[in-house]
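Residues per chain are reported as follows:
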Amino acid sequence: MKRLALAIAAVCLAVPAAHAQTQAELNDDHKSPENVLTYGMGYSQQRYSTLKDINRSSVKRLKPVWATALSSNYGEQGQPLVYNGVMYVANAEHTIAIDIETGRQLWRTPVEFDPQVGRVICCGFSNKGPAIYNGKVFRGTLDAHVVALDAKTGKQVWKQKVAEWKEGFSITSAPLVANGVLITGMSGAEFGVRGFLDAYDPDTGKHLWRRYTIPAPGEPGSETWPKDDSWKRGGGSTWITGSYDPELDLVYWGIGNAGPWNPGGRPGDNLYTASVIALKPKTGEVAWHYQLVPNEMFDLDATWEWILGDLTINGQKRKTVMHMSRGGFLYVLDRTNGKLLAAEPFEKVNWATHVDMKTGRPVESDVSRRVRAGEEVELWPGQWGAKNWAHAAFNPDTGLLYANTMHQARMVKFVPVEYKVGQRYVGLENSPWKERPKDLPIGHVEAIDPMTGKPKWRAPIMDIPHYSAVLATAGGLLFTGKETGEFLAIDAETGKTLWQFQTSSGINAQPITYTHKGRQYVSIQVGLGGVNVARMGPQLANVPRGGSVWTFALD
Amino acid sequence: MTMKRLVWWAALAVMAPAAYADMEDTPSPEQIKRGAALYAQHCAACHGPRMADPEGAFDLRKFPPDQRSRFINSVTNGKNSMPPWGGLFKREEIDSLWAYVVAGEKK
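Note that the protein sequences, when read in sequence, are chains A and X.
Numbering follows numbering that gives the first Met the number 0, with no gaps: position 75 of the first sequence is 74.
Numbering follows numbering that gives the first Met the number 0, with no gaps: position 51 of the second sequence is 50.
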């Protein structure tokens, strides 16, 4: 009876909206289990679902109901969207619509791009997913375009060139629609670009504004760059989708590493690299910013998920935004004004002793001094980070973050580098940690208190880095995947794996959960790809390539 | 010319440059040095600094030194996870890379 009531409710909600997703629906995405309309399953990017049918007791009955191929071998990193019984998926080569009931492909629209673009892609041919709004599906392309497709037919409605790929630009991130504005980030900080965010009218593709992340001479923050051309190739890419608070009307976007990685030629704080900015979506006006690492030098991107959550701190409820950084510190900020509330380490860190809570700046250690002086050092966390883009989840009831983290060091050393248009502009040599104990796992999943950085529990997952996002549910479960293809359901209380299923390739993508006709489903894109394939070849050599979407439900 | 003979000449015309390309010229120290610099900037990120620790990418220390045309072809057109470099590198730059791969780090 409950299932019937839910089904009736779902139909009543779905029918009036037809194919036009409104801003109101996007604002409430975290509350509507039958749709997934935003990156992060809600603008807060908590990746948390209130659905409970699949829970600790019932998960043993979880079975695949369909698996649909995605016509690409490059690898799957995306998060699907769901609207009105249709799933929308993106990878580097296609945008695809799938009927949720049967798994049947409804349409598939190829992405046209010159294969030579690969030479400006640092980390694998991939796409993090589409955006959806007002009857259209939007996605970025590797050759730095944004495309709008009709959600019903997949036919192109408009296409805009965002930047010239031959100058080092590309797009792999999912766009964001906030307050009726479509915003895209970009990649290229390893190729000497000047980073930015671009905004477009979603209905027409008309360009609305560009917010550069590196100030030109005379602009606010330009005093943090030397008085030469280095700002033109200063990096500051924006390669993961921002989060949004509709009440404050603020978009929170993380900004990437400085270019080149070798900091010798760019003394100064180098705003706004390795920072988070809070901006108004209609105008791109910056309300506040916080820089995590001034004059950063280890590719310390601050790009991935800035999770919105309300925390009780010293007895007071605070509106916060949280980030598990590459460099190993867990930042909690007041999202109304950018005030730093906590910055504790969640992993072993040796490039800084701590973050000074008065200035918000990390205090550099002897390791940082030695590498600036030209020595080779064992760097913790390694250059790949204490955490990378594999998104964490936040449960607002437990107040805990659940994340895939990495415990490893790398040997790093700076070398000279010269800028040439569209060519790699890094200047850092990066080798394996020489003394790594053989049985020390790198990949962990853990439940972490945001204010202390301490784990409630920590479970090893893989002996290599892993790149799957985590999904948390009110059923007490975490869902995530392994590079060897196992899709896992983990007890969020203890870290114990309660269920797993061997899918067809490796998993380095983002699980979602939703209902359709009252039944709860979990879906995940499967397909080994991304930078990990080049890094971890021997361990992953026997994992077959090939993209697909797998969907599971209770038996 | 008969069809058969035409085909034979065509095959020879296609194979001959490839056969010529596999013949080894002795690379100069300058060429090796240029190749090392190009390698450090463009290739080391995946194939490892100075070809050591390639991890997942092809281990160039094991590339057969008598398969130059295979190297030129793979670098120009891309192979597996490696993108095509033909749009960026001039032919003599790829030759320098080859010189470095074969001779470069043996000292």
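Be careful, since some hints might not be right.
As the list claims (entries may be wrong) - Pair by pair, the computed Cβ-Cβ distance ranges are:
{"id": "1", "chain 1": "A", "residue 1": "501", "chain 2": "X", "residue 2": "25", "range": "48 to 56 Å"}
{"id": "2", "chain 1": "X", "residue 1": "2", "chain 2": "A", "residue 2": "84", "range": "53 to 61 Å"}
{"id": "3", "chain 1": "A", "residue 1": "418", "chain 2": "X", "residue 2": "2", "range": "54 to 62 Å"}
{"id": "4", "chain 1": "X", "residue 1": "65", "chain 2": "A", "residue 2": "493", "range": "23 to 31 Å"}
{"id": "5", "chain 1": "A", "residue 1": "149", "chain 2": "X", "residue 2": "66", "range": "45 to 53 Å"}
{"id": "6", "chain 1": "A", "residue 1": "358", "chain 2": "X", "residue 2": "64", "range": "40 to 48 Å"}
{"id": "7", "chain 1": "X", "residue 1": "25", "chain 2": "A", "residue 2": "537", "range": "18 to 26 Å"}
{"id": "8", "chain 1": "X", "residue 1": "65", "chain 2": "A", "residue 2": "543", "range": "26 to 34 Å"}
{"id": "9", "chain 1": "A", "residue 1": "371", "chain 2": "X", "residue 2": "64", "range": "38 to 46 Å"}
In short, the hints are calculated from the structure, not lab data.
For each residue, glycine too, the CB sits at the ideal point set by N, CA and C.
Hints, verified against the model:
no.	hint	in the structure
1	501(A) - 25(X): 48 to 56 Å	holds, 53 Å
2	2(X) - 84(A): 53 to 61 Å	holds, 60 Å
3	418(A) - 2(X): 54 to 62 Å	holds, 55 Å
4	65(X) - 493(A): 23 to 31 Å	violated, 58 Å
5	149(A) - 66(X): 45 to 53 Å	holds, 49 Å
6	358(A) - 64(X): 40 to 48 Å	violated, 56 Å
7	25(X) - 537(A): 18 to 26 Å	violated, 35 Å
8	65(X) - 543(A): 26 to 34 Å	holds, 32 Å
9	371(A) - 64(X): 38 to 46 Å	holds, 39 Å
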